[in-house]
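Asker: So you can see what is in the structure, the chains are spelled out below.
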Amino acid sequence: MAHDNSISSDSSDRGGVDYSAQQRLPAVLRPLVDNDRLRFGLQVLPWLSILGLLVFLPLAAIFVWSVAIPQPFGFKLGFTLENYQAFFDSYRVDTFFTTIKEGVIQVLLALVFGFPIAYYAGVLKRDSKYTFPLMLLFAIPFLTSYILRTLSWISFLGSDGVFNSVLLFTGIIDQPLGWLLYSTFAVRLGMLASYLPFMIFPAWLAMSRIDDEILHASADLGGSPLATIRHVVIPLSIPGLLIGAVFVFVGVLGESVVPVILGGGNISLIATIIDNAVNSARLPLASAISAVVLLFAVLLLLAWEYVYGLRTVGEI
Amino acid sequence: MSTSSSRLSDVLRTDPTVWVSDVSKDWLWKAFMAFWILFILAPPIMLVFISLDTASYVRIPQGITLAKYELMLQSDALITAMERSLKLAVVTMFVAPALALLAVLSYRKTTYKALFVAAMILPLFVPGVVQGFSLLMLFKQIGFGQAFVATAIGHVIWAFPFAFLVILTSMSTVRDDVLLASADLGANEFETFRHVIFPQIRPGLISAVIFSFVLSFNEFSRTVYLQFGQNTIPTYVFAKLQVELSPEVFAIAGLTVVLSFVLIGAAIAVLYGSGSPDAEE
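Those sequence lines, one after another, are chains A and B.
Read left to right, the first sequence gives residues 43 to 358 (this note's numbering).
Read left to right, the second sequence gives residues 5 to 285 (this note's numbering).
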């Protein structure tokens, strides 16, 4: 092998053209280059098997477990609908509807507040060099813990917290507002702080991809800023807004922290119900609820596919 | 002339955006943005001050003491959780970007690019609770009980799509004709990667590594199902919160926020620092 190597490097020096790229590799790696199938296998199999076996397979298997027969301290594979009955014939289904309602509220809030932020960064200040670093600040919620961020809201909303102290100090109120913390309001505020960036980023991305010339053309044709927003910016950024809406909604479907920390028992979402079922070892019931939630998320994606085609995810 | 002025009057009547002057509009926009940035930034920063406050309950911070941090260092459970979180984060920061890099390299070769990306980031659309629970069921079914490996798998799956997107973005600056040129000059695949692709995507790789670390360090909803009783920092804090607001929880919270901010700053510096010379040219 070593002999081969020296000959080929000689010939490459002489010829000026290097035909020996493969031979410069250590012997162990050579099959990797020679054998396309092997190389492709090593490049693709690791992530493909993880995605397939550990993401998509267990998600599909949820539906099998959801019809398993519950046993004391476990379950037996089989077919029964009693898990679904335990979900649909109880308070649990009401929690599911609450979750959907809160999800819709969060999507609306995120649209109302996220759209102008994205518009400012993606259209008004698209050429400023400060826009990018500024928008990165909104990425911080992605990277700090839900738990801790939610915990910190207690210091703002509590009866000794920032809001109450300021309101008391300025004399707007006489005694601390009790409904600020451990209430539906607190849960909505906490979730908005978590999920707003999920709307801002896709919307910003979609808007920054609108051509300068289209925006100029709209202005040249006499379109006021509002008319430009309505007839140019909104239609062209709808894929981004849709992705944002799905992200926010799916986030609320899986939200298990904010209601527990900030809700004070006033509001509970479906993730907490799944949690309780797991903690009381009712795994098939938890599977059934997860299956319903998953099915709902899939339906959303299918609706999106129907309206816009799923490939817009890749294009954004 | 007359047409434009009549159009202006039309606009004046119908368009509220011209009711305010441009200068005050600018100020309104700035105030609006400042409000939302404060909304996003204030809570974590507040946590750092609370962790240094002299009172053991939550109030507007009025003094500075390290008492909570001393309490934190005395808590064995917290130290164990910290070690575990760090180990998981280190594993995730190597495995997730490595997998993502392989996926990005495969992405260059596929024809169905949009669908490929869609498949990669679809896991982001699965609620974390459902994903964690489905993995738990899988491990239960096959009788797998290795808590550390199980949690690490959950974390890698969580960080993978983010690492993929970051590396994919930096890979978009690598042009196909440069790769062809490298092949024409006689480089094999490994040499092309080592000398052509790697130098260009290094900032993306470094920030993918940092992001994976931070994402793993803060992961909660999957960890809680996969840890089999062995707490990480987020699950420890959550468990503690349901009992009482104990002081050492705020210390660990403050510490985590500072750590996360430093790492995010580093990631941005790497990404932005490498990108800016090109932007100026």
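It should be emphasised that the hints constitute simulated quantities derived from the structure, not laboratory data.
Among the hints, a few may not be true.
[Said to hold, decoys possible] Result set (DSS-like, lysine-lysine): computed pairs, CA atoms no more than 25 Å apart in a straight line: (1) B:144 to B:91; (2) B:91 to B:244; (3) A:167 to B:29; (4) A:171 to B:34; (5) A:167 to B:34; (6) B:91 to A:118; (7) B:29 to A:171.
Asker: If a hint holds in the structure, say so; if it does not, say that too.
Answerer: Hint check:
Straight-line distance between C-alpha atoms of residue 144 (chain B) and residue 91 (chain B) comes to about 23 Å, which keeps the hinted pair within the 25 Å bound. Distance restraint check for residue 91 (chain B) and residue 244 (chain B): the Cα-Cα separation of roughly 22 Å lies within the 25 Å cut-off, and the hinted pair is therefore satisfied. For a cut-off of 25 Å, the pair hint linking residue 167 (chain A) to residue 29 (chain B) stands: about 13 Å separates their Cα positions. Simply put, residue 171 (chain A) and residue 34 (chain B) have alpha-carbon atoms about 16 Å apart, close enough for the 25 Å limit, and the pair holds.
Note on residue 167 (chain A) and residue 34 (chain B): the hinted pairing holds, with a Cα-Cα distance of about 11 Å set against a maximum of 25 Å. A threshold of 25 Å between alpha carbons decides the hint, and for residue 91 (chain B) with residue 118 (chain A) the separation of about 36 Å lies outside it, so the pair is violated. Restraint check: the Cα-Cα separation between residue 29 (chain B) and residue 171 (chain A) comes to about 20 Å, which is no more than 25 Å; the hinted pair holds.
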